[in-house]
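Enquirer: Each chain, letter by letter, is given below.
Number of protein chains: 4
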Amino acid sequence: MAHTVREKAKLLARVRRMKGQMEAVERALESEAPCGDVMQLLASIRGALAGLTSEVVEGYLHEHVLHASDETARAEAANELAQVLRTYIR
Amino acid sequence: MAHTVREKAKLLARVRRMKGQMEAVERALESEAPCGDVMQLLASIRGALAGLTSEVVEGYLHEHVLHASDETARAEAANELAQVLRTYIR
Amino acid sequence: MAHTVREKAKLLARVRRMKGQMEAVERALESEAPCGDVMQLLASIRGALAGLTSEVVEGYLHEHVLHASDETARAEAANELAQVLRTYIR
Amino acid sequence: MAHTVREKAKLLARVRRMKGQMEAVERALESEAPCGDVMQLLASIRGALAGLTSEVVEGYLHEHVLHASDETARAEAANELAQVLRTYIR
Numbered sequence: 026m027a028h029t030v031r032e033k034a035k036l037l038a039r040v041r042r043m044k045g046q047m048e049a050v051e052r053a054l055e056s057e058a059p060c061g062d063v064m065q066l067l068a069s070i071r072g073a074l075a076g077l078t079s080e081v082v083e084g085y086l087h088e089h090v091l092h093a094s095d096e097t098a099r100a101e102a103a104n105e106l107a108q109v110l111r112t113y114i115r
Numbered sequence: 026m027a028h029t030v031r032e033k034a035k036l037l038a039r040v041r042r043m044k045g046q047m048e049a050v051e052r053a054l055e056s057e058a059p060c061g062d063v064m065q066l067l068a069s070i071r072g073a074l075a076g077l078t079s080e081v082v083e084g085y086l087h088e089h090v091l092h093a094s095d096e097t098a099r100a101e102a103a104n105e106l107a108q109v110l111r112t113y114i115r
Numbered sequence: 026m027a028h029t030v031r032e033k034a035k036l037l038a039r040v041r042r043m044k045g046q047m048e049a050v051e052r053a054l055e056s057e058a059p060c061g062d063v064m065q066l067l068a069s070i071r072g073a074l075a076g077l078t079s080e081v082v083e084g085y086l087h088e089h090v091l092h093a094s095d096e097t098a099r100a101e102a103a104n105e106l107a108q109v110l111r112t113y114i115r
Numbered sequence: 026m027a028h029t030v031r032e033k034a035k036l037l038a039r040v041r042r043m044k045g046q047m048e049a050v051e052r053a054l055e056s057e058a059p060c061g062d063v064m065q066l067l068a069s070i071r072g073a074l075a076g077l078t079s080e081v082v083e084g085y086l087h088e089h090v091l092h093a094s095d096e097t098a099r100a101e102a103a104n105e106l107a108q109v110l111r112t113y114i115r
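Residue numbers (my numbering), protein chains in the order written: chain A, 26 to 115; chain B, 26 to 115; chain C, 26 to 115; chain D, 26 to 115.
Note that these hints are calculated values from the structure, not bench results. Heads up, none of these hints are tricks.
Given that identical chains are not distinguished, each listed pair holds provided it fits within a single copy or across any two copies.
Once the Cα atoms are required to be at most 25 Å apart in a straight line, the calculated DMTMM-like pairs of lysine to aspartate or glutamate come out as: (1) 33 / 48; (2) 44 / 55; (3) 33 / 88; (4) 35 / 88.
On a predicted model such as this, the values are computed, not experimentally measured, just so you know.
Required output: the full structure, derived from the provided sequences and hints.
Expert: Take a look at the structure:
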């Protein structure tokens, strides 16, 4: 069972929390809150997003690369992971 | 006028697009989409968030540090900016 | 043959270039060059380091995870890679 | 006095430590050490570089933007800082 299915409830809760943070940015912009508040909210979303992404990437590495069903699937997963890592290691 | 007020409509549009991307992650998890899709969606949100944050930080630097109303306001803004930068330069 | 052995000359050239950049920072500090110069030099090293790291990580993923000699070696390599990725995805 | 002059000895010590780490990467490549060792060394340099950069950026923000000699110098420093921040917030 894929990691994102096994941990579905926990991952969904984290995504919804981030959506709530995004809505807080929306409200801050609409109500013309101090620019510093918007900046701090964005920094906190970044932290939450990094935490979620780190967990999903690690789950992907173990589920689809380490425990691939066959060598073709493993190679495809390794390539997909490499593509995503390029957006982070820069 | 603060940068986030002057550019309010444009910034709100970007935030709402990111919220839409977040909802796409939510649907992907709910529908038990392939783990790789979730990973790619999260990477694209990261890019959008970085772009928005970079603009808000730069607006803050110019609006509240460079063109502060007085030296006390400038010092407070510089400290708030320094705090946020620590979460990025690591 | 490991990626870092096969690409040894190319990787060594990149590391020596970065060492040269680091020596430029050293000279800038010693000669009390403008602070902005030191800041720009550090930013350029970061870019070079990210490029080199991205290549080594990708080589590692393919060499030691995808084409591991056996399942034990694969599991160890996946864990080592996961550990390194945690320092980047944050 | 500029931050990089006032803290010269401390900053030079950090740069020389990083140069030592870079030489360790050089030796690891030359001696064909395990690829994982190279990867871990690069990750540790990244951490050291981020710490040094964060300190230099913060010193720059306070020295050259907050306490600029005049408004022209302040505007130039703010622009130089904005340029460097774009390489980090992405």
